[in-house]
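K.L.:
All residue numbers for the sequence shown refer to the working numbering, where the first residue is 1 and numbers rise by one.
The set of hints was computed from the structure by calculation and includes no laboratory data.
All values reported here derive from a predicted model rather than from experimental measurement.
Positions of the beta carbon are idealized from the N, C-alpha and C atoms, including for glycine.
Misleading hints may appear alongside valid ones.
Claimed, not checked - Quick list of simulated restraints, FRET-style, between CB atoms:
id: 1; residue 1: 10; residue 2: 112; range: 52 to 60 Å
id: 2; residue 1: 71; residue 2: 2; range: 52 to 60 Å
id: 3; residue 1: 35; residue 2: 2; range: 46 to 54 Å
id: 4; residue 1: 109; residue 2: 31; range: 51 to 59 Å
id: 5; residue 1: 2; residue 2: 57; range: 43 to 51 Å
id: 6; residue 1: 9; residue 2: 31; range: 56 to 64 Å
id: 7; residue 1: 106; residue 2: 8; range: 18 to 26 Å
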Amino acid sequence: MTFKKLIAITFFAVLFSFFGAANANAGWVIEGSVGKGGRVNAPRGWEPTNVMVAPGYQFLGILRAQLGLVGDLGDVKNSKFDLQLRPMLGIYLPIFPIYGRAIFAFQNLVNGPRHMAIG
Numbered sequence: 001m002t003f004k005k006l007i008a009i010t011f012f013a014v015l016f017s018f019f020g021a022a023n024a025n026a027g028w029v030i031e032g033s034v035g036k037g038g039r040v041n042a043p044r045g046w047e048p049t050n051v052m053v054a055p056g057y058q059f060l061g062i063l064r065a066q067l068g069l070v071g072d073l074g075d076v077k078n079s080k081f082d083l084q085l086r087p088m089l090g091i092y093l094p095i096f097p098i099y100g101r102a103i104f105a106f107q108n109l110v111n112g113p114r115h116m117a118i119g
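Throw the hints in and build the complete structure from the sequences for me.
P.N.:
And the structure:
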């Protein structure tokens, strides 16, 4: 067997494994996370802790649409509890443990001023 044939067989085996896994993983999903940030430039300090719940739906086993509800806890000085909405679109490859996600955030829904961020 030549090296070119081996490369072609490997390529098509990986390609077909993506299609097989995509059919098996559609449906509702829910994710949760807790985050704590910090500022490294002056003035240094901690950011409020945030807690997120993100229900969504996964299409074709690799595409995921979610809406995250984030609560920013008022656990640092001069901060208040606030809410964010984060619509998210993601690509999750079934074999490799990597993913890409576009995040659109609508921040400060409770205490204002409201603004939008993209990540």
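K.L.:
Taking the numbered hints from earlier one at a time, note which ones the structure violates and give those numbers from smallest to largest.
P.N.:
4, 6, 7
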